[in-house]
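Protein chains: 2
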Amino acid sequence: MSQDIVVTAAMLAIGDELLSGRTKDKNIGHLADLLTLSGIDLKEVRIVADDEEAIVEALNALRGKYDYVFTSGGIGPTHDDITADAISKAFGVPCEYDEVAMTLLAEMYRRREMEFTEARQRMARMPRGAVHIANPVSTAPGFIIGNVHVMAGVPQVFQAMVDNVLPTLRTGTPVLSLAIACPYGEGEIGTPLTAIQKAHPETSIGSYPRYVGQKFSTEIVVRGRSQAVIDAAGAEVREMIDAIRQRKDIAENHSAEA
Amino acid sequence: MSQDIVVTAAMLAIGDELLSGRTKDKNIGHLADLLTLSGIDLKEVRIVADDEEAIVEALNALRGKYDYVFTSGGIGPTHDDITADAISKAFGVPCEYDEVAMTLLAEMYRRREMEFTEARQRMARMPRGAVHIANPVSTAPGFIIGNVHVMAGVPQVFQAMVDNVLPTLRTGTPVLSLAIACPYGEGEIGTPLTAIQKAHPETSIGSYPRYVGQKFSTEIVVRGRSQAVIDAAGAEVREMIDAIRQRKDIAENHSAEA
Numbered sequence: 001m002s003q004d005i006v007v008t009a010a011m012l013a014i015g016d017e018l019l020s021g022r023t024k025d026k027n028i029g030h031l032a033d034l035l036t037l038s039g040i041d042l043k044e045v046r047i048v049a050d051d052e053e054a055i056v057e058a059l060n061a062l063r064g065k066y067d068y069v070f071t072s073g074g075i076g077p078t079h080d081d082i083t084a085d086a087i088s089k090a091f092g093v094p095c096e097y098d099e100v101a102m103t104l105l106a107e108m109y110r111r112r113e114m115e116f117t118e119a120r121q122r123m124a125r126m127p128r129g130a131v132h133i134a135n136p137v138s139t140a141p142g143f144i145i146g147n148v149h150v151m152a153g154v155p156q157v158f159q160a161m162v163d164n165v166l167p168t169l170r171t172g173t174p175v176l177s178l179a180i181a182c183p184y185g186e187g188e189i190g191t192p193l194t195a196i197q198k199a200h201p202e203t204s205i206g207s208y209p210r211y212v213g214q215k216f217s218t219e220i221v222v223r224g225r226s227q228a229v230i231d232a233a234g235a236e237v238r239e240m241i242d243a244i245r246q247r248k249d250i251a252e253n254h255s256a257e258a
Numbered sequence: 001m002s003q004d005i006v007v008t009a010a011m012l013a014i015g016d017e018l019l020s021g022r023t024k025d026k027n028i029g030h031l032a033d034l035l036t037l038s039g040i041d042l043k044e045v046r047i048v049a050d051d052e053e054a055i056v057e058a059l060n061a062l063r064g065k066y067d068y069v070f071t072s073g074g075i076g077p078t079h080d081d082i083t084a085d086a087i088s089k090a091f092g093v094p095c096e097y098d099e100v101a102m103t104l105l106a107e108m109y110r111r112r113e114m115e116f117t118e119a120r121q122r123m124a125r126m127p128r129g130a131v132h133i134a135n136p137v138s139t140a141p142g143f144i145i146g147n148v149h150v151m152a153g154v155p156q157v158f159q160a161m162v163d164n165v166l167p168t169l170r171t172g173t174p175v176l177s178l179a180i181a182c183p184y185g186e187g188e189i190g191t192p193l194t195a196i197q198k199a200h201p202e203t204s205i206g207s208y209p210r211y212v213g214q215k216f217s218t219e220i221v222v223r224g225r226s227q228a229v230i231d232a233a234g235a236e237v238r239e240m241i242d243a244i245r246q247r248k249d250i251a252e253n254h255s256a257e258a
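For the protein sequence lines, the chains are A and B, in the order given. Residues 1 to 258 in the UniProt record's numbering are what the first sequence spells out, letter by letter. Residues 1 to 258 in the UniProt record's numbering are what the second sequence spells out, letter by letter.
So here's chain A without its partners, still in its complex pose (with noise of 0.2 Å):
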C-alpha cells in the first residue's frame, strides 16, 4: 500500500574467520531479526574477509544502494582489525586516532590498572567526522559515518551496539507475520498456494520445508505491513490445508471400501 513506510538496510560481516569456517557467524540472524521487528528491511548480507580492497567494494556497493548499512568485526586492536581504515577509505576521508576515544580508553586502562598500548589506541582510530556508538561491554566505540554503521564482531559487543543504534533509526511499517504450520509438503501445497500469493499481492508468503523422520512438512509464513492483508490470505491458507485434509480422508475411505 502507499502509506507504507519502506526503510532497507544492508549487512557487511567482516572477517577471515567467518569464510574458513573457524568462526560461525551469530550476528546476522541476531541483527535481522531486530531490523524486522523495527521494520527495516534487511535486503542483503556480504560477508568478506580482512582485505581492504574487498571492505571497500562491498561498503561502496551497499551504502549506495540501502537506507542503512551495518557491519561487523574488525574493530579490535590487532593487525588483521582494517575495518576503520577500510571504511575511511570508502569514504575518502583520513583515518585518525578519535581524541575522545582516546581519553574513554586511557581512563578505562587506567582504572583497570593496565598499559595503554599501541595495539589498544588503535581502537580509537576511526573516520575523520564519524560519531561514536557506545560499547557498554568492553569500551572501545564503534562508530558511525553516513548511513554506515560499523560495530564489533564479538557478539556480546555487537549486540550491546546494536541495542545503542536502533532507537537512532528512521523505521519503517513494521513487517507483520502469522506462521501457520502445515503437515503437507511443498508438493503437495504448491500449486493452491501459487494461486493464493497471486490473489493477495500485498502479502509475501514464504512456505518453510521440514524434513523429519523421511517425511516433508511446511510452515508457511504469511508477511504484510497490516494484519488485515495477512489475515485475509492466512484464511485461505488455511482452507487450503482444510481441502487437501478432506481429499487425503475421501482417498483412505474410499481405499478401505475397495
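No lab work stands behind these hints, which were simulated from the structure alone. If you're wondering where the values come from, they're calculated on a predicted model, not measured in any experiment. Glycine included, each C-beta is placed from N, C-alpha and C at the ideal position. Accuracy of the hints is not assured; some may be wrong.
As a list, the in silico DSS-like pairs of lysine-lysine whose alpha-carbon atoms are at most 25 Å apart [claimed, not checked]:
(1) B:Lys65 x A:Lys215
(2) B:Lys26 x A:Lys24
(3) B:Lys65 x A:Lys89
(4) B:Lys89 x A:Lys65
Which residues of chain A face chain B? A few of them, derived with a C-beta cut under 8 Å, are [stated by the list, open to error]:
(5) Lys24
(6) Val48
(7) Pro167
(8) Thr194
Go by the hints and put chain B onto chain A.
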C-alpha cells in the same frame, strides 16, 4: 609461494527467511568448513532475497570473479522458489523441464503413491544444458551450470549435495592452520603480533577475542600452505606469550615486594 595452487569460491545463499531472521543459516558455516579442508578459499558470501533481479545481479558478480560459486535455497516446488529461473536468466538460457529429472521424480512419487503435482514438477526445471547434482535425501536434483553449483536450502539436502559436489572440484593447496590459546587480550598482544605477522608474510595470522567473565582472552590462529611456515610463525607466537607471562610475573613480584 609460487607453486601453491589457489582455487577460489563464493557462496550465494538465497531466501527471504534468512534476511527476516526466521531461519538462522547453517549452510554457510558448513560449506566454509568443507571448502577449507579441501583447499578451496571461500572469499565472499552473499545472502539475497527470493528476488530475481537480486539473484541475477549477485550471481553474475560472483561467477565472474571466483573459480566456483555455490548457491543454497529456492529450488523447491513453491512460488517463492525462483532460483532455477534466476540462474537461467543470469546465463541467458531457457529454464526447462529436464527430462531425466522428470523421470526420476515421477518414479519416486509413483513409488510413494503420491501425486506428481504441477508444483512438484517445478523441481525438474533447470537451465538448458545444466548437469545434475544427485539428491540422495529427497530426489529432486540440484544442478551445475558453468562454474555455478545450485543446491537446496534445507540443511540435510544441502549437505548431501555438497558431499556429491566436492569430489568433482579442482582443489588447491590446502590452507593448514595452527591454533594457539592465549590467556591475554588483543590489546596486550597486538603490537608484538603485528611484528610476527610482518616477519612471516607467507602466513596469515588471525587473533580471535573471547570475552568471558569480564575478561578478554584470545585464540591466535596461524594459517599457511606449508607446515614449515606455520611452525616458524607459531614458535614466535609461543615465545611472545611466554615473554608477556614473564613480564607479568616480574611486575607482580615487584609489587609484592613493595
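Hints versus structure:
Pair hint Lys65 (chain B) plus Lys215 (chain A) does not hold up; C-alpha atoms about 39 Å apart against a cutoff of 25 Å. Taking the CA atoms of Lys26 (chain B) and Lys24 (chain A), the gap is near 8 Å; set against the 25 Å cutoff, the hint holds. Of the pairs offered as hints, the one joining Lys65 (chain B) and Lys89 (chain A) holds, with about 22 Å between alpha carbons and a cut-off of 25 Å not exceeded. Taking the CA atoms of Lys89 (chain B) and Lys65 (chain A), the gap is about 22 Å. The hint holds against a cut of 25 Å.
Taking 8 Å as the C-beta cut-off, the interface hint given for Lys24 (chain A) holds, the closest approach to chain B being about 4 Å. Interface hint status for Val48 (chain A): upheld, as the beta-carbon distance to the closest one in chain B is roughly 6 Å, under 8 Å. Evaluation of the Pro167 (chain A) hint against chain B yields a violated restraint, the C-beta minimum of about 19 Å exceeding 8 Å. Evaluation of the Thr194 (chain A) hint against chain B yields a held restraint, the C-beta minimum of about 4 Å falling below 8 Å.
Checked against the numbered hints given earlier, this structure breaks hints 1, 7; the rest are met.
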